[in-house]
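Work the whole structure out from these sequences, hints included.
Residue numbers (the working numbering), protein chains in the order written: chain F, 3 to 350; chain P, 252 to 617.
Just so you know, these hints were derived from the structure itself, not from any lab. Certain hints may be false.
What the hints assert, rightly or not - Calculated lysine to aspartate or glutamate pairs in the DMTMM-like style (CA-CA distance at most 25 Å, straight line): (1) F:Lys176 / P:Glu325; (2) P:Lys508 / P:Glu522; (3) P:Lys404 / F:Asp106; (4) P:Lys459 / P:Glu256; (5) P:Lys459 / P:Glu609; (6) P:Lys383 / F:Asp242; (7) F:Lys174 / P:Glu256.
Claimed, not checked - One-sided excerpt, in silico: chain P residues whose CB lies under 10 Å from chain F: (8) Ala301; (9) Ile306; (10) Gly308; (11) Pro357; (12) Ala394; (13) Leu430; (14) Ile551.
Even glycine gets a Cβ: it sits at the ideal position worked out from N, Cα and C.
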Amino acid sequence: MVWSFISRTRGRNRFDLTDWLTWGYLIFGILLMFGPVLWVAMSSFKTDAALSEYPPTFLPLSPQTVIVEGYDEPLPLYEITGGEYEGRTLAQIRRIGLNAQMVDPQNPGERLNVSINDREPAREFSVAWGNYTQLFERFNFMQYFWNSAFITVVATIITVIFNSMAAFALAKYKFRGRTVVFLLIIATLMIPPTINLVPIYLVVNELGIVNSPWGVIWPAVATPTGVFLLRQYMLTIPDDLLDAARMDHASEWRVYWRIVLPLAAPAIAVLVIFSVMWRWNEFLWPLIVLTRSEEFTLQLALNAFQGDLQTSWSGLLAMTVLTLLPITIIFALLQKNITAGIAQSGVK
Amino acid sequence: MAVVELEKLVKDYAGFRAIHGVDLTIEDGQFCVFVGPSGCGKSTLLRMIAGLEDISGGELRIDGERVNEQRAAERGLAMVFQSYALYPHMTVRENLAFGLENIRTPKDEIRRRVDDAARMLQIEEHMQRRPKQLSGGQRQRVAIGRAVVREPKVFLFDEPLSNLDAELRVVMRGEIASLHRRLGNTMIYVTHDQVEAMTMADKIVVLKLGTIQQVGSPLDLYNRPANQFVAGFIGSPRMNFLKMSVAETRAESIVVKEENGRSFEAAVSPEGVKAGDKVTVGIRPEHLEIGSERGHPVTIDSIEQLGGESYLYCTDAGGNPVTIHKSGQTRHRAGEEAQVFLPAESIHVFKEDGAALERLRIGEAV
Numbered sequence: 003m004v005w006s007f008i009s010r011t012r013g014r015n016r017f018d019l020t021d022w023l024t025w026g027y028l029i030f031g032i033l034l035m036f037g038p039v040l041w042v043a044m045s046s047f048k049t050d051a052a053l054s055e056y057p058p059t060f061l062p063l064s065p066q067t068v069i070v071e072g073y074d075e076p077l078p079l080y081e082i083t084g085g086e087y088e089g090r091t092l093a094q095i096r097r098i099g100l101n102a103q104m105v106d107p108q109n110p111g112e113r114l115n116v117s118i119n120d121r122e123p124a125r126e127f128s129v130a131w132g133n134y135t136q137l138f139e140r141f142n143f144m145q146y147f148w149n150s151a152f153i154t155v156v157a158t159i160i161t162v163i164f165n166s167m168a169a170f171a172l173a174k175y176k177f178r179g180r181t182v183v184f185l186l187i188i189a190t191l192m193i194p195p196t197i198n199l200v201p202i203y204l205v206v207n208e209l210g211i212v213n214s215p216w217g218v219i220w221p222a223v224a225t226p227t228g229v230f231l232l233r234q235y236m237l238t239i240p241d242d243l244l245d246a247a248r249m250d251h252a253s254e255w256r257v258y259w260r261i262v263l264p265l266a267a268p269a270i271a272v273l274v275i276f277s278v279m280w281r282w283n284e285f286l287w288p289l290i291v292l293t294r295s296e297e298f299t300l301q302l303a304l305n306a307f308q309g310d311l312q313t314s315w316s317g318l319l320a321m322t323v324l325t326l327l328p329i330t331i332i333f334a335l336l337q338k339n340i341t342a343g344i345a346q347s348g349v350k
Numbered sequence: 252m253a254v255v256e257l258e259k260l261v262k263d264y265a266g267f268r269a270i271h272g273v274d275l276t277i278e279d280g281q282f283c284v285f286v287g288p289s290g291c292g293k294s295t296l297l298r299m300i301a302g303l304e305d306i307s308g309g310e311l312r313i314d315g316e317r318v319n320e321q322r323a324a325e326r327g328l329a330m331v332f333q334s335y336a337l338y339p340h341m342t343v344r345e346n347l348a349f350g351l352e353n354i355r356t357p358k359d360e361i362r363r364r365v366d367d368a369a370r371m372l373q374i375e376e377h378m379q380r381r382p383k384q385l386s387g388g389q390r391q392r393v394a395i396g397r398a399v400v401r402e403p404k405v406f407l408f409d410e411p412l413s414n415l416d417a418e419l420r421v422v423m424r425g426e427i428a429s430l431h432r433r434l435g436n437t438m439i440y441v442t443h444d445q446v447e448a449m450t451m452a453d454k455i456v457v458l459k460l461g462t463i464q465q466v467g468s469p470l471d472l473y474n475r476p477a478n479q480f481v482a483g484f485i486g487s488p489r490m491n492f493l494k495m496s497v498a499e500t501r502a503e504s505i506v507v508k509e510e511n512g513r514s515f516e517a518a519v520s521p522e523g524v525k526a527g528d529k530v531t532v533g534i535r536p537e538h539l540e541i542g543s544e545r546g547h548p549v550t551i552d553s554i555e556q557l558g559g560e561s562y563l564y565c566t567d568a569g570g571n572p573v574t575i576h577k578s579g580q581t582r583h584r585a586g587e588e589a590q591v592f593l594p595a596e597s598i599h600v601f602k603e604d605g606a607a608l609e610r611l612r613i614g615e616a617v
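Structure (structure tokens):
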């Protein structure tokens, strides 16, 4: 059934021009979106040597090496593609000008001279798990993960509570200046975040929460997008329900907590996803507020991989993949709610 | 047990007065119906009593105690909403229990009251369902049940039957009436349907544009409408209105006549009118006698024969529609000319300002 849905065509039984265009466009889109991610994932399993190879390979292939009797270091293996020793696999001892001095691993006594144009590095498929294990062994990955997770979870919870309370008031209470307040909140969307950096930093500094996760959490919890999204959704909750709850002796807090909040669940799911993505991927603000490395979030730790003199690409890539995973999982689990929530909060 | 008193109750919205000083007393145990066309303020008045709308002026008393400033819940009322307003995310049981949980009723007490209400309203087998899974009539019962478990002093109903189909409406009408007989509570019921008002009420309050037109028992309103609006609103089909003028006033009646000279005697008090005044004569479709000579000439446009009764829709010489209700079947045909006679005891006469002249002999009161 799924397949017949996917393979529907506009032309009867055969591919119409629009079908070609649609499929072409969609496949192009998939390549454009997933190509880089896939490349990163593949590259995270490459050794540093394979990463610096040119031309780059898609699969994690690494040059084969062999231990040859009489040599301390493992020697790289080469396939010979031409000349006298064509078809043999030899280990290279050293390169001298346009020639390479090589040795047959089976016969370590004999040295052979091969032109460098006649050899190709022998490669094998090898997964460098070490990229990942070193994150946990040499690098305090769990600490950064915990910092990021703490900020994301706590900020999201507070965001949902604050925004839904503001949205409830704006959607369901009639008070003087309601429209003005709402427009002001929406208007803050027009201010570029970079403009706020300095004033917010001054406030955060004054509160003494620089270099603490709360310095990242508090400035982020009031989001105009969230208030707008929830308010639009709450407008669709009938007033009669709230009146009925009031007749049922419910306090305003209980009306909010037991009636409005559960009924706004689809919109709240959307806000949760947005908030998780924002907080998890946030970079600039944590970079400013958090300066001690034990408070770093994953994004800051990733940045720290990029040193002034050298960059540990293998570690960086492995960590990028690990950083992508939680957000991907959350998105996959809640994506149905996104479409439902957005569709419903848009129209009354 | 509760008496609800409204004294000069006023509701103002920005720049517009919705309720113009309403005075009303609803006795303990009375079934009182607010009726009127849409926009007459009946729902606003009910919501003011409930505490869901602020009172702009005047005083509302329940059992003699001023409650203007009390919150909705504190007034000890329960309300059934037009949309039922069942909490969609809770099961029927949770819906019924919500109000009791809010006032921290003990668990077993909640269970007992909810079960009692469910048994009374025959919704026991649906207790674990959500409102979406119920039919309209079942939802209506749950909404009533939610009011019943609270054991309120006064029940308020805001057009509770308007979302039901005609057949179910008649059934639920009977159930609400029998609920009232069983519980004996004061009930205030809002509707735009005069049939509901006539069949259920002890006392009907007819409202128009935020003012009370008349208060009385159903038959009072039917027999002695205070003005042309009430006369037109109560009774189905609507009362016929004919433009006439006063020909002569007598001791206990007046004579009205049409432009073409035919005249009828009306058994109403001549007070306030004199010969030559323009008046509107009202007569209910069921009181018109068709076929007699020297009557009001009409042309029959169409006929509805229901077997047990018949409706004849006619037009008179002046272009006024005239509806005739006859019990039994009729031999008349559409297109025929006919004469209708207006019996003196059945005629209502309204002055130019709409006020009725008092009826001195009433044909209906057999």
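These are the hints, each one checked on the structure:
1. F:Lys176 / P:Glu325: holds, 22 Å
2. P:Lys508 / P:Glu522: holds, 18 Å
3. P:Lys404 / F:Asp106: violated, 104 Å
4. P:Lys459 / P:Glu256: holds, 20 Å
5. P:Lys459 / P:Glu609: holds, 21 Å
6. P:Lys383 / F:Asp242: holds, 16 Å
7. F:Lys174 / P:Glu256: Judged against 25 Å, a Cα distance of about 30 Å means the pair is violated.
8. Ala301: holds, 7 Å
9. Ile306: violated, 16 Å
10. Gly308: Violated: closest Cβ of chain F sits about 19 Å from glycine 308 (chain P), beyond 10 Å.
11. Pro357: Since the shortest Cβ distance to chain F is 15 Å, the answer is violated.
12. Ala394: With Cβ-Cβ at 8 Å, under 10 Å, it holds.
13. Leu430: For leucine 430 (chain P), the interface hint is violated, since the closest Cβ of chain F sits about 18 Å away, which is over 10 Å.
14. Ile551: violated, 46 Å
The structure fails hints 3, 7, 9, 10, 11, 13 and 14 (numbered hints given earlier, in ascending order).
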